[in-house]
Amino acid sequence: MSKTITIDPVTRIEGHSKITIHLNDEGEVEDARFHVTQFRGFEKFTEGRPFYEMPSITARICGICPVSHLLASAKACDELLAVRIPPAAERLRRVLHMGQTIQSHALSFFHLSAPDILLGMDADPARRHILGLAESHPEIARDGVWLRMFGQQIIEWLAGKRVHPAWAVPGGVSSPLTADARDRILEMIPRGFDIAQRAIDLFRSAIDQFQKEIDVFANFPTHFLSLTTREGGLELYDGNLRVTDPQRRVVADQLDPSCYDEHIGEAVEPWTYLKMPYYKPLGYPGGIYRVGPLARLNNADRCGTPRADEALEDFRKLANGAVLSSFHYHYARLVEIVFALEQVEKLLNDPDSLNPRVRADAGPNRQEGIGVAEAPRGTLIHHYRINDEGLITWANLIIATGHNNLAMNRGIVQTAKAFVNGSRLTEGSLNRVEAVIRCYDPCLSCSTHALGQMALRIQLLDTRGRVIDEKCRD
Amino acid sequence: MRNAEIDQRPALAGTKTLVIGWGNDLLRDDGAGRRVARQIAARHPAEIDVLDVHQLTPELALPLSQFGRAIFVDAYAAREGDTVRTRKVDAARLPDRPAIGHTGRPDDLLRMAALLYGAHPEAWLVAVPACAFEPGDALSRTARAGIRSAIVEVERLARSRGRAEDQTQEKGEEYDAS
Numbered sequence: 000m001s002k003t004i005t006i007d008p009v010t011r012i013e014g015h016s017k018i019t020i021h022l023n024d025e026g027e028v029e030d031a032r033f034h035v036t037q038f039r040g041f042e043k044f045t046e047g048r049p050f051y052e053m054p055s056i057t058a059r060i061c062g063i064c065p066v067s068h069l070l071a072s073a074k075a076c077d078e079l080l081a082v083r084i085p086p087a088a089e090r091l092r093r094v095l096h097m098g099q100t101i102q103s104h105a106l107s108f109f110h111l112s113a114p115d116i117l118l119g120m121d122a123d124p125a126r127r128h129i130l131g132l133a134e135s136h137p138e139i140a141r142d143g144v145w146l147r148m149f150g151q152q153i154i155e156w157l158a159g160k161r162v163h164p165a166w167a168v169p170g171g172v173s174s175p176l177t178a179d180a181r182d183r184i185l186e187m188i189p190r191g192f193d194i195a196q197r198a199i200d201l202f203r204s205a206i207d208q209f210q211k212e213i214d215v216f217a218n219f220p221t222h223f224l225s226l227t228t229r230e231g232g233l234e235l236y237d238g239n240l241r242v243t244d245p246q247r248r249v250v251a252d253q254l255d256p257s258c259y260d261e262h263i264g265e266a267v268e269p270w271t272y273l274k275m276p277y278y279k280p281l282g283y284p285g286g287i288y289r290v291g292p293l294a295r296l297n298n299a300d301r302c303g304t305p306r307a308d309e310a311l312e313d314f315r316k317l318a319n320g321a322v323l324s325s326f327h328y329h330y331a332r333l334v335e336i337v338f339a340l341e342q343v344e345k346l347l348n349d350p351d352s353l354n355p356r357v358r359a360d361a362g363p364n365r366q367e368g369i370g371v372a373e374a375p376r377g378t379l380i381h382h383y384r385i386n387d388e389g390l391i392t393w394a395n396l397i398i399a400t401g402h403n404n405l406a407m408n409r410g411i412v413q414t415a416k417a418f419v420n421g422s423r424l425t426e427g428s429l430n431r432v433e434a435v436i437r438c439y440d441p442c443l444s445c446s447t448h449a450l451g452q453m454a455l456r457i458q459l460l461d462t463r464g465r466v467i468d469e470k471c472r473d
Numbered sequence: 000m001r002n003a004e005i006d007q008r009p010a011l012a013g014t015k016t017l018v019i020g021w022g023n024d025l026l027r028d029d030g031a032g033r034r035v036a037r038q039i040a041a042r043h044p045a046e047i048d049v050l051d052v053h054q055l056t057p058e059l060a061l062p063l064s065q066f067g068r069a070i071f072v073d074a075y076a077a078r079e080g081d082t083v084r085t086r087k088v089d090a091a092r093l094p095d096r097p098a099i100g101h102t103g104r105p106d107d108l109l110r111m112a113a114l115l116y117g118a119h120p121e122a123w124l125v126a127v128p129a130c131a132f133e134p135g136d137a138l139s140r141t142a143r144a145g146i147r148s149a150i151v152e153v154e155r156l157a158r159s160r161g162r163a164e165d166q167t168q169e170k171g172e173e174y175d176a177s
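Quick note, the sequences are listed as chains A and H, same order.
In case it helps, numbering that gives the first Met the number 0 puts the first sequence at residues 0 to 473.
In case it helps, numbering that gives the first Met the number 0 puts the second sequence at residues 0 to 177.
Simulated from the structure, these hints should not be mistaken for lab results.
Each statement offered as a hint is correct.
If you want the footprint, here are the derived chain H segments under chain A, 3+ residues with CB under 8 Å:
no.	segment
1	58-70
2	105-111
Anything over 12 Å on all C-beta distances counts as not near chain A; from chain H, calculated:
no.	residue
3	E46
4	A76
5	E79
6	T82
7	A137
8	R140
9	E154
10	S159
Quick reminder that beta carbons are idealized off the backbone N, C-alpha and C, glycines included.
Chain A extracted, bound-state conformation (with noise of 0.2 Å):
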């Protein structure tokens, strides 16, 4: 009889989800599928909210990267401005991305995914978290807590508070920067560069023991989206769409971000709250790609810092064309920590970083307006419409994780068919499971926020498995 092996709760990542992998008759596994549970609901209720709300509010989607909300959405009502903002609050807004970046990737590494790389997936779970790396690993935790501690401090002296600050504002921030908080900002980015080095070289010596996963974790043909500079090169705040194949050829470039929905389509199935992102041109779900760290590697041609460009040219051996296997976006995470430490370095050094003129003031002179921005977890779309009022009427929020989730199901039915067998459960077989979701470190809670489109499917089932009842809306 088929048998249905249910994860529920997904563990160690941001939001609540669960994943269901089908058997059939032999116990082998035939289908998995990943599910989010939870459900949000930012695009509806902020309908009738002023735009210029619009970024403290929609900050509140997430706790872990509040800030790359508030800077999409900042963005986005700068074009509702019809402003250029002041070259300082662009500068700024860097800065507070970059820390934003270093926190969220340092938290995702460190804390959530080392306790497999350095404990192993087979190991106790009792003491596969980060409190069993503290007692095993003490240096490697110490550098996670100072690492995500900094980038935090980064955001607090720039925007006063490390969660949920509303300093970017429409057309621009609403405070400039003290030289006493750069300073100390300067002070601390040494210490970030060894410890950064440090998990570099530490993953690198850990690949070895995992090449198993690293074949299965959602090592996969697709394409990759992601922003980069006019020049190609990585780009987290701004820029224009590439689109690569898994060979690494660019087949769209330079795409105006604002036109997204003429390269993006959005898919609803009823097992989920979360969308399907698809690349237009292959349709659905034939245009399945990956965001975040791995795609914006892949993407660009450079990182343009000296130290990423060395640990990036370190990455691109990993494979001849693009790097698929989805167990390398935390590999990418790192490089990526390196790039927005020396970002900070150098936005910093410069002495405009300290101009007060920081912010355009003006009322509304469009009535649509788009902002992307990379998100740590990938590419971030907010996208506004408001009435003469200045009022929204529309929105639409496009979120990292929901671009992965294409790759994030297919990736655990591969990774179930290598290492789950329905006859012989193990823990270790269904972490691994789990793990290839952290790959991708998904922030659930920002990505499912429809409301009123979303497909619901409720089943009842018996004690066998067996589905004595089922609701469904449509």
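With the hints as your guide, set chain H onto chain A.
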């Protein structure tokens, strides 16, 4: 389950107190611990250091290791009329679930402080009774009364000297205030 090695780590000799209040201000009573922390900060700006946070995160281990005394303040799911509960926070108490996920425990943080920085404070958890957790910022009557009592309790603990057992006002049943 306990860990003897951690149990024997000494707390710092100093008497400086850190108060950490946590919760979600947008879910009514859930933010009661933060409200207590903010009031303590306003009433004792010189004597007590206060952290007002959304969640307990591993980064708090470092500041914790630098204090002689810590008081955590959170809300717990209660019934109408329930009162403030205080318990000793125990670095040797091993986690019975994945540590420091969505719901970090003060015991785990204390343990992290000991493991990573070699010291942890003597610490208590003051739990405020909470009955309403839906979105909003209006407190239930039980939480309002609980906050008033919790402030008194935190001030009492911050002033107190001597053995921890003597300072636990109401042990109550084993509960998880996260």
